[in-house]
Amino acid sequence: MINIEKRIYDAIEDVPTLPTIYSVLSDTLVSPNANAADIAHLISTDQSASLKVLKVVNSPIYHLSSRIESISLAVLHLGFNEIRNIILALSVINLFSKKKIISSFRPVDFWKHSIGVGVITRYIGNALQVSRPENYFLSGILHDVGKLVLYENFGDQYERVLQYSEERKCLIIEAEKEILGIDHTTAGAILAEKWKLSESVYRVIKHHHNCSESDEKDILLAAVHVSNIAARMFEFGFAGDDFVPKPNPAAWDILKLPTHFFTKSIDVLTASYDEAVNSVLNCN
Amino acid sequence: MSSIVHLEEITPGMVLAAPILNRYGQTLLTTGVVIDEKHLLMFKTWGIKHVTIDGEAKKSETSPEISEDLLNLARNHIKKRMLWNELSEIENDLFSAAVERIIDFYATNDLEADND
Chain A
1 MINIEKRIYD
11 AIEDVPTLPT
21 IYSVLSDTLV
31 SPNANAADIA
41 HLISTDQSAS
51 LKVLKVVNSP
61 IYHLSSRIES
71 ISLAVLHLGF
81 NEIRNIILAL
91 SVINLFSKKK
101 IISSFRPVDF
111 WKHSIGVGVI
121 TRYIGNALQV
131 SRPENYFLSG
141 ILHDVGKLVL
151 YENFGDQYER
161 VLQYSEERKC
171 LIIEAEKEIL
181 GIDHTTAGAI
191 LAEKWKLSES
201 VYRVIKHHHN
211 CSESDEKDIL
221 LAAVHVSNIA
231 ARMFEFGFAG
241 DDFVPKPNPA
251 AWDILKLPTH
261 FFTKSIDVLT
271 ASYDEAVNSV
281 LNCN
Chain B
285 MSSIVHLEEI
295 TPGMVLAAPI
305 LNRYGQTLLT
315 TGVVIDEKHL
325 LMFKTWGIKH
335 VTIDGEAKKS
345 ETSPEISEDL
355 LNLARNHIKK
365 RMLWNELSEI
375 ENDLFSAAVE
385 RIIDFYATND
395 LEADND
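Listed in order, the protein sequences are those of chains A and B. Using this note's numbering, read the first sequence as starting at 1 and increasing by one per residue. Using this note's numbering, read the second sequence as starting at 285 and increasing by one per residue.
Everything labelled a hint here was simulated from the structure, so no lab data went into it. Here the structure is a predicted model, which means the values were calculated and not measured. Each residue gets a CB set at the ideal place from its N, CA and C atoms; glycine is no exception. Careful: at least some of the hints might be erroneous.
Said to hold, decoys possible - DEER-style ranges, computed between Cβ atoms: (1) A/Lys246 with B/Leu355: 41 to 49 Å; (2) A/Gln157 with B/Leu355: 40 to 48 Å; (3) B/Glu352 with A/Asp156: 25 to 33 Å; (4) A/Arg106 with B/Lys328: 38 to 46 Å; (5) A/Glu193 with B/Ser372: 32 to 40 Å; (6) B/Gly297 with A/Val108: 40 to 48 Å; (7) B/Asp388 with A/Leu95: 47 to 55 Å; (8) A/Val130 with B/Leu291: 50 to 58 Å.
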């Protein structure tokens, strides 16, 4: 590991570990005796987490025809892993929201962008009827987590990164490499490793920008790649720069979305995005 | 193919492409049911907000006409931010969806100022 990566790796030691509910939940889930009622009870003990989870699962992107009123039903309809992943996403947002803010970073807009990508990615996973949709929302939400790692570790210098990107009219990833010598995909991958996130989420964090390592089967990565671009085009939040990069054509080939996919979905996507932002961030 | 339709846009004659379940997971209406006025009332009572129907959902007939000027303002606003020019078919579709979204999102004044 080169010097700067080692510095980041060591610094992450200082980041508080994930909230208790997530670790307890993870342990419970791998236990052979876990059942839906136990899981539901555990989640329900955290009132605010339960409410947010229910709001998220009742969003149209989850394609459920009737309203879900309890955590037990949410687990029944969407499975343990999806619910656990929603909680992880909410926990990470909550964790980083308590940190100090530098003026130009705009954490609320950052999370809006991440939520936007989460919503679109999950919607695509749904539309393509992928067999394992439970990582789609989470991967979208966490794809840019590396920016938070950099901002945590480089503080004022990240302010310089944002200025550079605006002055030179370049993507934030270019400015990060130029000013810090490391970009958010690498920093995020280090965090994913430290937190032992799944292999698929790790790959998304590391490769979502170019989507160059994807193969035929990597639908999740292709979905996050295009969702990131779509969220920028739709101006769902703010990704750190004001541009829409060119999508990798390989991603479109992997997804094979039907014609008029986006024009037919834009109303549902915008409504879901607005709802998710309201429930998760408690703001407009 | 099927699409998700919001309660307000469901019209009698639409056909369910997925079953509707109650809060206990029991089937209330099966796939293939042709929706009628009675069902619409039931949806409201059950608190159902979205259903999946066969075919494409028609956009509301009452949406206002958008002027060519406004469309062009939105198109230019987005094009200025894009780092490429030659769009594939799906990218054109994405672009059209974005134009709709941008028009909804911004007031006309903001789009005009952007073009100075």
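Hint check results:
no. : hint                               : in the structure
1   : A/Lys246 with B/Leu355: 41 to 49 Å : violated, 23 Å
2   : A/Gln157 with B/Leu355: 40 to 48 Å : holds, 42 Å
3   : B/Glu352 with A/Asp156: 25 to 33 Å : violated, 47 Å
4   : A/Arg106 with B/Lys328: 38 to 46 Å : holds, 40 Å
5   : A/Glu193 with B/Ser372: 32 to 40 Å : holds, 35 Å
6   : B/Gly297 with A/Val108: 40 to 48 Å : holds, 43 Å
7   : B/Asp388 with A/Leu95: 47 to 55 Å  : violated, 33 Å
8   : A/Val130 with B/Leu291: 50 to 58 Å : violated, 27 Å
Checked against the numbered hints given earlier, this structure breaks hints 1, 3, 7 and 8; the rest are met.
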